[in-house]
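Engineer: This is what each chain is made of:
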Amino acid sequence: MSELTERTKKYLEEYDGPEIRIMEVCGTHTHEIFRQGIRRILSPKISLISGPGCPVCVTPVKYIDEAVYLALESGCTVTTFGDLVRVPGSSMSLAGARARGARVKVVYSPQDSEKYASEHPDEQVVFLSVGFETTTPSDVLAVKNAIRDGISNFSILTSNKTMPGAYEAMRRSTDAFLYPGHVHAIIGTGICSELAVAGTSGVIAGFTGDELLSALAVTVRKFSEGKPFWVNAYPRVVTDEGSPAARALVDRYMQPCDADWRGIGVIEQSGVELRDEYSDYDSRRKYNIPEFKTEYKTACRCGEVLQGKITPEDCPLFGKACNPEHPVGACMVSGEGACSAFYLYGGKL
Amino acid sequence: MCVGLSAKVLSVKDGVALVDCTGAKREVSAELLDDLEPGDFVMVHAGSAIAKITDSDENQAAKLAKEHLV
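Line by line, the protein sequences are chains A and B. Counting along the first sequence from 1, when you hit position 319 you're at 319 in my numbering, and nothing is skipped either side. Counting along the second sequence from 1, when you hit position 7 you're at 7 in my numbering, and nothing is skipped either side.
These aren't lab readings, by the way, just hints derived from the structure by calculation. Ideal placement from N, C-alpha and C gives every residue a C-beta, glycine not left out. Mixed in with the good hints there might be a few duds.
As the list claims (entries may be wrong) - To be clear about the criterion: a stretch of chain A counts as covered by chain B if any three or more of its residues have a C-beta under 8 Å from a C-beta of chain B, and this derived list gives those stretches:
{"id": "1", "segment": "94-105"}
{"id": "2", "segment": "133-142"}
What the hints assert, rightly or not - Straight line, CA to CA, 25 Å or less: simulated BS3-like cross-link-like pairs of lysine-lysine:
{"id": "3", "chain 1": "A", "residue 1": "K227", "chain 2": "B", "residue 2": "K66"}
{"id": "4", "chain 1": "B", "residue 1": "K13", "chain 2": "A", "residue 2": "K10"}
{"id": "5", "chain 1": "A", "residue 1": "K320", "chain 2": "A", "residue 2": "K45"}
{"id": "6", "chain 1": "A", "residue 1": "K115", "chain 2": "B", "residue 2": "K25"}
{"id": "7", "chain 1": "B", "residue 1": "K13", "chain 2": "A", "residue 2": "K144"}
{"id": "8", "chain 1": "A", "residue 1": "K10", "chain 2": "B", "residue 2": "K52"}
{"id": "9", "chain 1": "A", "residue 1": "K293", "chain 2": "A", "residue 2": "K45"}
{"id": "10", "chain 1": "A", "residue 1": "K45", "chain 2": "B", "residue 2": "K52"}
{"id": "11", "chain 1": "B", "residue 1": "K52", "chain 2": "B", "residue 2": "K66"}
{"id": "12", "chain 1": "A", "residue 1": "K45", "chain 2": "A", "residue 2": "K9"}
{"id": "13", "chain 1": "A", "residue 1": "K320", "chain 2": "A", "residue 2": "K309"}
{"id": "14", "chain 1": "A", "residue 1": "K227", "chain 2": "B", "residue 2": "K13"}
{"id": "15", "chain 1": "A", "residue 1": "K115", "chain 2": "A", "residue 2": "K227"}
Modelling step: build the complete structure from the supplied sequences, incorporating the hints.
Structural biologist: What follows is the structure, given as structure tokens:
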């Protein structure tokens with residue numbers, strides 16, 4: 001360990017200023033902080049709470065029902081990132097649909113899905129377009145390439161979300177955000193500056209051990225100064241302007257919409273959907289999916305976990321009825337979910 | 001699904017980059033970055049290079065410490 005890392009670690013261990021609650025917005029941050037053992041060294045004055053930044057965790061039940069409908073009723077080939085397959089819908093997951101004969105295929109990227117569609121013209125291929133600002137440009141590129149290549153058997157089922165609305169919804173749950181570095185590689189730093197002016201603090205963080213330690217130390221140091229703040233602690237990837245090319249691409253093909261966040265509810269203008277002129281590539285409109293008004297009744301408290309109101313260990317199902325082998329809530333299904341991290345790494349280890 | 005991977009660019013052609021991610025070689029979209037060249041390091045997300053990596057995390061940590069923690 002370098003001398004600098006040692007000093008940063010010591011600062012976080014010995015911090016004795018005002019108590020601070022820091023929300024890790026990003027599920028990968030939650031996991032990396034656990035995996036690197038950072039929770040173990042934090043002063044008791046520093047609390048970390050997990051936020052809503054795992055796209056699988058915030059995907060609503062009715063979206064899974066729509067995907068199951070496409071797979072079973074419309075006869076589509078549903079392609080998806082692997083961690084959505086076991087997320088429970090109101091009656092079954094996509095894994096359950098696959099067991100009933102549906103074609104559900106795991107792909108690495110939206111482009112792989114579009115390529116699969118080009119190679120299988122006899123199948124109607126749907127890609128489950130779920131994610132934040134980091135993933136949405138790739139989803140749009142797949143649509144753009146399908147249009148360019150004249151591939152008409154490809155469409156996307158959108159549940160793409162944007163973080164600024166979530167920051168606004170969550171800002172009273174925390175003293176400072178650990179902002180997700182890769183989201184800000186796309187959207188830039190302007191929103192952090194605006195939130196700081198409005199009294200909400202945060203630090204943009206990278207994902208290595210050194211980056212997380214230094215971002216946490218900067219957060220604690222700035223917080224102890226007593227004024228709202230923001231810092232870009234990931235400048236090797238995040239620039240102030242972000243990626244204008246990615247934003248322009250998304251703006252051309254998609255428009256803002258209200259979005260339903262599992263466990264949280266609808267946040268106005270916190271999502272994007274395909275514009276009307278690209279409706280042939282919008283699975284929801286292409287296949288006239290019926291409106292699902294599903295309620296998923298369970299004792300699962302993922303919604304409160306996602307808002308930082310409780311830790312996974314406060315949920316009565318955690319580690320008992322809900323575990324990685326038999327997940328009840330999306331936070332346990334996803335490898336990036338807070339419940340998965342607490343189960344894997346043992347809570348406050 | 002939401003994990004970013006750092007990778008080294010080996011070649012770029014027609015909006016597609018061949019990258020090396022800790023030994024694994026894979027083609028990713030380079031359409032979001034105009035001026036990619038072999039030797040660049042990039043952050044890859046869901047099959048697209050979304051940003052260039054311009055420094056090491058050690059150097060970055062040193063600069064942050066100097067600016068905010070000393």
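Engineer: None of the hints should be skipped; say for each whether it holds.
Structural biologist: So, going through the hints one by one against the coordinates:
1. Only residues whose beta carbon comes within less than 8 Å of a beta carbon in chain B count, and the segment 94-105 of chain A has 0; fewer than three means the coverage is violated.
2. With 6 residues carrying a beta carbon less than 8 Å from a beta carbon of chain B, the segment 133-142 of chain A meets the three-residue requirement, and the given coverage holds.
3. Restraint check for A/K227 and B/K66: satisfied, since their Cα atoms lie roughly 20 Å apart, inside the 25 Å limit.
4. For the hint pairing B/K13 with A/K10, the CA-to-CA distance comes to about 47 Å; that exceeds 25 Å, so the pair is violated.
5. Distance check on the hinted pair: A/K320 and A/K45 sit about 30 Å apart at the alpha-carbon level, beyond 25 Å; violated.
6. A distance of roughly 18 Å separates the Cα atoms of A/K115 and B/K25; the hinted pair therefore holds under the 25 Å criterion.
7. With a C-alpha separation of about 18 Å, the suggested pair B/K13 and A/K144 falls inside the 25 Å cut-off, and the hint holds.
8. For the hint linking A/K10 to B/K52, the alpha-carbon distance of about 31 Å lies beyond 25 Å, and the restraint is violated.
9. Taking the CA atoms of A/K293 and A/K45, the gap is about 43 Å. The hint is violated against a cut of 25 Å.
10. Only pairs whose Cα atoms come within 25 Å are accepted, and A/K45 paired with B/K52 is rejected, the gap being roughly 36 Å.
11. Straight-line distance between C-alpha atoms of B/K52 and B/K66 comes to about 24 Å, which keeps the hinted pair within the 25 Å bound.
12. Straight-line distance between C-alpha atoms of A/K45 and A/K9 comes to about 14 Å, which keeps the hinted pair within the 25 Å bound.
13. With a CA separation close to 20 Å, the supplied pair A/K320 and A/K309 stays within the 25 Å bound.
14. At most 25 Å may separate the alpha-carbon atoms for a hinted pair to count; A/K227 and B/K13 exceed this at roughly 48 Å.
15. Taking the CA atoms of A/K115 and A/K227, the gap is about 51 Å. The hint is violated against a cut of 25 Å.
Consistency note: the structure conflicts with the earlier hints numbered 1, 4, 5, 8, 9, 10, 14 and 15.
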